[in-house]
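Novice: Letter by letter, the chains look like this.
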Amino acid sequence: MQLGEALRIIGQAGTEGERTVHLLCGFTPLHFETFLKAHLALRLPKNAIRLRTGLYGDLEGNIQRARKETADGAVVALEWSDLDARLGFRASAGWGQQTLEDIAAQAAEKCGRLANGLAELAETMPVVVAGPTIGIPDLTSTPPSQANSLELELNSVLAQFLKKIGAHRNIRLVSAGALGMASPSASRHDVKMDLLTGFPWTALHADAVAEISVGCLFPAEVKKGIITDLDHTLWKGILGDDGVGGVSWSLEGKSQIHALYQQTLASLADSGVLVAIASKNDPALVREALKRPDILVTDARIFPIEASWGPKSDAVGRILKAWNIGEDAVVFVDDSPMELAEVAEKYPRMECIAFPPNDPAAAAKLLTTLRTRFGRREVREEDKLRLESLRAAADFREQGAGENSSDFLSRLDAKITFEAAGADKRAFELVNKTNQFNLNGARYTELDWQSVLNRAGGFLANVSYEDRFGPLGKIAVVGGHREGEDCVVDIWVMSCRAFSRQIEFQTVKKLLEHTGARGIRFRYKATERNGPVNDFLTHFFNGASASGDELYLRAEDFNRLCPSLFHQVNDQWTVSPKN
Amino acid sequence: MDSVTEKLNRCFAATFPTLDPGKYAAASVENLSEWDSIKQLTLLTVIGEEFGREIDFEEFEDANSYEALIGILQAGQVR
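For the record, the sequence lines run as chains B and V. Going by our numbering, the first sequence opens with residue 1, and the numbers climb by one from there. Going by our numbering, the second sequence opens with residue 1, and the numbers climb by one from there.
Hint data in this document are derived by calculation from the structure and do not stem from the laboratory. You may find that some hints are simply not true.
Unchecked claim - Derived DEER-like restraints, expressed as beta-carbon distance ranges: (1) Val191(B) <-> Asp62(V): 17 to 27 Å; (2) Asp56(V) <-> Leu55(B): 24 to 34 Å; (3) Leu367(B) <-> Glu54(V): 32 to 42 Å; (4) Leu55(B) <-> Leu19(V): 25 to 35 Å.
As the list claims (entries may be wrong) - Here are a few chain B residues that sit away from chain V, every Cβ distance over 12 Å (derived from the structure): (5) Glu5; (6) Arg8; (7) Arg50; (8) Glu60; (9) Arg65; (10) Asn116; (11) Glu153; (12) Lys291; (13) Leu296; (14) Asp335; (15) Ser564; (16) Thr574.
A quick note: this is a predicted structure, and the numbers were derived from the prediction, not measured. From the three backbone atoms N, C-alpha and C, an ideal C-beta is built for every residue, glycine too.
Construct all of the structure, not just a fragment, from the sequences and the given hints.
Specialist: The structure is reproduced here in structure tokens:
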């Protein structure tokens, strides 16, 4: 993006709820401020964006002052001159031997203080740290083509500093590799601008740092599932023609890129990403091929496997149904442009990506794209349970299909656990990614979420579930506050894996019991995707479709209309009765 | 309107989004309070992008009005 475009984007930024971000650096922020604001406006198109900057040459002080001012996050742009001003082009203190030794010592000391300051700041808001991004000046007698001891010492100090701060749960480091792809190191330093204004970066570099920092601070919603083709995609060759032993994914077979693709899929599956196969093939042959001992993504990690001779889009449709997720949360990978086009036409919101079997560089780029679409900061227990619970859900549907719903549910040995969500990140994550059973579709920043946790008279509970088909983990979150004799619920989401188990009824029952409320006011808002929550609410509102901003459910109406529930409840949730 | 004027107007629209386009021609550091040193650097960088040329900031040191900028740009003095 150029500066003019950034200014135009800022001019068209949203005007709803203001989002505030600290821009913390020791240099004049100049164009970086503009680019950061523009990228924030792109990422948060509805919101008004406010940036707070600090004082020139005082990164440490700026970090300390930012702690006292509430914000949605902070972006820290660090340069070598912040570790010691003599490492910048604007200082003239000399570069003699004694000075160089002192620079190394000072930088180590400064890193220690910055680490403490950043850790304290990160207790109050998410913090993104970028840099140093421009090189150490040539200040030793060693020729620039050779590494010198000062450079090695400084890099060692920096590595320890970054490792230390990177371990903090609320600090995210901008990847040097990703920045290198977007902004080559030789094109980063604008020496003239640095000397003239104190802003050391080229516009190109400022744009790249801003874009990546915003991506770290407000990550895009991650995709949930990947559907892959087999022939010339998961492996080289055509299974039907070459046979189970004839397809390959190895250096010897000149098909190593398929091994890398398999490894990527296996790794994604381990982090909770759903992986399925849609292939025009003989199902028996596919099963046999996936049992090959050298396969890197085993059939245990794949569900479902759709091998048939019908249209790919039909197979994709069956997979979406088994996963019970929307097409926009899924990536489809196939080597055939025709198959990609056919699926894209039926599922226009699904990202369809071509696997380039004859172009290893492009295939390697595809692997990076997949990491970008599915990357997550941490893997939780629920992520590991997802695949098994989906298989269990398929069994659940299959076994429950032929009999009376109540009879079936009564034999599930279902156990529901309610517990206060507190600072559990799973609740925050679930609320921000659930679309179908979501009371109003509201999304929260970490700052918003902090307000939710701190609100007076408020409650927030996690709901976990397991039955004889296995555990589903924490699958629902409900939150709200007391208002007079009533209970107001403005947060309520439930994973689609947990549908058809009457968990929503049990949740309302528990909520009424815990709060002793006369009724519940649901802050409901229809979205494009939250039909399931509408279905639930419709059950209580005379068959009429739920509408309006607030729906009132009296406790006596709930008790009259609630079906028989068969869950065993483990209640670890405490709600203050009135507040 | 010649292309230099059109391009400069686009630069002004991006840099001073709240300024009435009818007032561009008379705008200067003296009568436009938001035209400070930071805006000057922003405007010159946007001019560099719009005209596809590298701007020598020192050469534009005295270009403190729309009229002065037009003069320099029309004279082809942008390097």
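Novice: Hints first: check each against the structure and report whether it holds.
Specialist: Hint-by-hint comparison with the structure:
1. The beta-carbon spacing between Val191(B) and Asp62(V), approximately 23 Å, falls within the hinted interval of 17 to 27 Å.
2. Under the hint 24 to 34 Å, the C-beta atoms of Asp56(V) and Leu55(B), about 29 Å apart, fit the expected range.
3. For the pair Leu367(B) and Glu54(V), the supplied restraint of 32 to 42 Å holds, since their beta-carbon distance comes to about 38 Å.
4. Under the hint 25 to 35 Å, the C-beta atoms of Leu55(B) and Leu19(V), about 29 Å apart, fit the expected range.
5. Interface exclusion of Glu5(B) from chain V breaks down, the closest Cβ pair being 8 Å apart, not more than 12 Å.
6. The Cβ of Arg8(B) does not lie farther than 12 Å from every Cβ of chain V; its closest approach is about 6 Å, which violates its non-interface assignment.
7. Annotated as non-interface, Arg50(B) keeps its C-beta farther than 12 Å from every C-beta of chain V; the closest such distance is 17 Å.
8. With a least CB separation of 24 Å from chain V, Glu60(B) remains clear of the 12 Å interface cut-off, as annotated.
9. Non-interface call for Arg65(B) relative to chain V: holds, since the shortest CB-CB distance, roughly 21 Å, exceeds 12 Å.
10. The non-interface label for Asn116(B) is consistent with chain V: the shortest C-beta to C-beta separation is roughly 32 Å, beyond 12 Å.
11. Every CB of chain V is more than 12 Å from the CB of Glu153(B) (nearest about 36 Å), matching its label as outside the interface.
12. The non-interface label for Lys291(B) is consistent with chain V: the shortest C-beta to C-beta separation is roughly 58 Å, beyond 12 Å.
13. No beta-carbon of chain V comes within 12 Å of the beta-carbon of Leu296(B); the shortest separation is about 47 Å.
14. The claim that Asp335(B) lies off the interface holds: its Cβ sits roughly 40 Å from the closest Cβ of chain V, which is beyond the 12 Å cut-off.
15. With a cut of 12 Å on Cβ distances, Ser564(B) stays outside the contact zone with chain V, its closest approach being about 63 Å.
16. With a minimum CB-CB distance of about 53 Å to chain V, Thr574(B) clears the 12 Å threshold, and the non-interface call stands.
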